[in-house]
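K.L.:
Residue strings, one per chain:
There are 2 protein chains.
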Amino acid sequence: MTANPRGGRLTQAEIARIAGVSQATVSLVVNGRDEALTDDTRERVRAAIERTGYVANPIARVLAGGRNKLLGVHTFEKVFPLNGDDFYFPFLLGIEEEAESLGYDLLMFTSSGEQRRIFVDGRSRLNLADGALLLGRTPDMAEVAELARLGYPFVFIGHREIPGQALSYVAADYTDATAAVTRRLLELGHRRLAYLRLDAGGGQPGADRVAGYQLAARSARLGPAATPLWDVSGVDEAGAVLGDALDHGITALLVEQQILAEALAAACAARSVSIPADISVAVLGDTIGVRGSETDWSGFQVPKREMGAAATRLLIDQLEERVSRPHVESIACRPVEGSSIGPVKTPLAGGAAVPEPRRNRSITE
Amino acid sequence: MTANPRGGRLTQAEIARIAGVSQATVSLVVNGRDEALTDDTRERVRAAIERTGYVANPIARVLAGGRNKLLGVHTFEKVFPLNGDDFYFPFLLGIEEEAESLGYDLLMFTSSGEQRRIFVDGRSRLNLADGALLLGRTPDMAEVAELARLGYPFVFIGHREIPGQALSYVAADYTDATAAVTRRLLELGHRRLAYLRLDAGGGQPGADRVAGYQLAARSARLGPAATPLWDVSGVDEAGAVLGDALDHGITALLVEQQILAEALAAACAARSVSIPADISVAVLGDTIGVRGSETDWSGFQVPKREMGAAATRLLIDQLEERVSRPHVESIACRPVEGSSIGPVKTPLAGGAAVPEPRRNRSITE
DNA sequence: TCCCTGTACTTATAGGCATTAATAGATCAT
DNA sequence: ATGATCTATTAATGCCTATAAGTACAGGGA
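Sequence lines, in order, name chains Z and L. The numbering of the first sequence is the UniProt record's numbering, which starts it at 1 and goes up by one. The numbering of the second sequence is the UniProt record's numbering, which starts it at 1 and goes up by one.
Simulated from the structure, these hints should not be mistaken for laboratory data. Accuracy of the hints is not assured; some may be wrong.
Said to hold, decoys possible - If you only want the chain Z side, here are some residues facing chain L, beta carbon under 8 Å, derived:
| # | residue |
| --- | --- |
| 1 | G53 |
| 2 | V55 |
| 3 | D231 |
| 4 | V235 |
| 5 | Q318 |
| 6 | V336 |
| 7 | E337 |
Keep in mind the model is a prediction, meaning the values are calculated, not measured. Note that beta-carbon positions come from the ideal geometry of N, C-alpha and C, so glycine has one too.
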């Protein structure tokens with residue numbers, strides 16, 4: 001709170017004194033509820049505000065039950081991570097742009113620990129803001145559920161579900177995007193595909209992608225056996241996975257994480273296997289841990305910026321009661337043509353199921 | 001504000017009612033100032049708190065305390081820029097960490113336009129926070145001066161001066177760091193150096209670097225003529241600059257912007273000139289516009305994270321009146337040994353001044 | 001008995017704002 | 001002139017907590 005040049009704090013009472021009106025009148029002007037006021041009164045108050053640079057104290061405002069045009073941003077991990085990972089950056093970009101254009105400021109909550117908590121001692125500091133945007137790869141859903149139960153307005157960025165609790169969220173349509181990539185590969189003549197993911201995939205977004213993959217496969221009358229799902233436990237397994245794929249006549253890979261695709265590319269280079277001439281590889285948008293790439297990967301991109309903007313818009317719409325809560329919004333992913341997929345090399349007579357991989361490549365579902 | 005499950009809000013007054021004491025007594029227990037209380041009273045209050053799950057409302061708490069534990073962050077350009085430039089990122093990292101550990105949250109001000117304004121309609125939203133951190137390559141110093149005039153507590157990240165106005169800022173010691181790099185080159189036997197910068201350099205930080213360069217040169221009894229300053233108008237000029245340098249027997253370059261150094265590296269590669277065997281190149285910390293590099297540049301790094309942390313600490317110290325305002329802090333840059341400088345190839349007999357470059361390479365000062 | 005000194009609390013207030021009920025003043029009809 | 005009806009503004013209240021100031025009571029000394 002700024003001290004005014006003359007010592008005392010800058011409050012509505014002070015403005016009122018300067019303008020020769022009551023504190024209540026200042027409050028009316030500040031909040032635009034000044035229809036009833038004389039132009040003269042309004043102007044005197046405005047002039048005093050202008051001259052002093054007065055701004056309402058958000059704390060007092062919240063306490064008094066008002067709104068403060070502050071949007072909370074809670075991330076379940078550090079916003080600005082040490083390792084230079086850009087995960088949050090594009091989201092924040094969209095959030096900032098949209099908040100800016102709608103006249104809201106951002107309140108970024110800091111909190112210690114790797115896993116950040118909303119509730120500390122049973123209370124949430126989010127209350128400082130009118131509503132909040134929640135981001136994070138590893139949210140504590142118990143905390144989110146509690147927040148929802150309390151009726152606090154928030155929008156999650158990313159598809160999140162709580163059983164028996166409807167949530168507001170803005171999600172990329174991974175299912176649709178993955179289905180589109182899968183169909184594209186089928187169009188190119190591929191009949192033996194595999195879906196690869198690290199560490200059993202990334203929660204709900206991962207599950208959505210797999211759903212799209214299987215959906216497209218079923219539509220093309222490819223059964224589960226012909227469209228396997230391989231869990232890879234680390235990028236160092238890339239070589240072995242590639243071997244398995246080639247051994248079993250797989251001609252196209254859908255890879256959830258780009259970092260895994262990069263490892264595959266290295267493995268391909270080592271064996272003189274060409275992408276896409278020998279094998280097509282599509283990347284499904286997850287760029288965790290990647291900084292730059294030699295390859296122009298085909299697949300799709302997650303519209304992070306748009307998601308951030310849409311979530312911000314949605315939250316503000318809810319706060320200003322233009323949209324009922326909860327509300328879900330879906331954003332299409334940006335398809336990337338790229339150069340890592342191509343027509344199948346030697347189309348096989350369809351129908352032969354893909355055999356089990358040799359080693360610890362488990363097939364899920 | 002969290003609602004009590006049973007409908008009414010859970011306040012100290014409510015706890016007091018349950019425990020049969022006054023609200024003030026509850027406050028005393030909550031804040032551990034209960035030395036004067038009977039064990040019995042204390043226990044009754046504690047039991048009531050326990051049973052209801054009451055926790056003090058942080059908002060009312062700060063209102064009563066007069067501070068809101070909010071630190072404003074104002075950037076004179078977009079915080080999250082479109083082009084993926086990480087300029088602000090490391091600063092924010094340090095700010096976030098320090099704010100977190102000192103119990104402050106961050107209020108990021110959004111505002112439209114490329115050049116962001118502190119004052120909109122004659123008022124400053126910074127007042128929302130207890131104090132603010134200011135960042136930016138192109139600050140509007142008139143606005144900063146106005147802020148200082150109003151007595152608003154702020155700390156600038158980066159060396160900034162306003163004539164006749166003392167400011168608080170945390171700056172990297174470019175002068176010292178550049179002097180150190182220069183001395184290192186002199187130790188390696190170089191006697192013909194040049195300082196290269198794009199677009200007439202980067203304001204105050206640029207001026208500080210040049211000062212360090214010239215300081216070290218003078219100490220080594222090299223006059224201005226032997227230590228020229230070349231302004232380069234664009235990276236596409238790198239080839240020509242390199243030609244000039246080689247023609248004139250210059251063996252070491254101090255390059256303000258890494259992006260210019262990258263262009264020089266490309267030019268060297270094109271002419272089969274080796275860095276550092278044929279020419280030494282030191283980079284003076286400015287990484288604007290660079291994403292990754294093939295070269296392990298010698299020179300120094302700007303301690304952005306430390307600067308952010310130090311500025312945050314300084315601001316909080318000022319707010320909590322442990323340090324008087326204004327206050328200036330200097331942070332040493334991290335020297336980088338790197339592999340782009342080496343001993344001079346063919347030491348010349350010293351003393352010969354560097355001739356003027358042929359073309360539009362102007363020598364400043 | 002009266003005063004004094006603690007002790008164990010309570011009362012009152014501030015902190016800055018939003019909001020509602022109340023009031024003074026002006027206008028109008030009767 | 002009197003009340004009725006508006007209109008512009010203010011006084012009062014609540015939000016929840018921390019804290020300074022105050023009070024009631026007990027015990028001890030003179």
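K.L.:
Which numbered conditions among the earlier hints are violated in the structure presented, ordered from lowest to highest?
P.N.:
Per hint list: 3, 4, 5, 6 and 7 violated.
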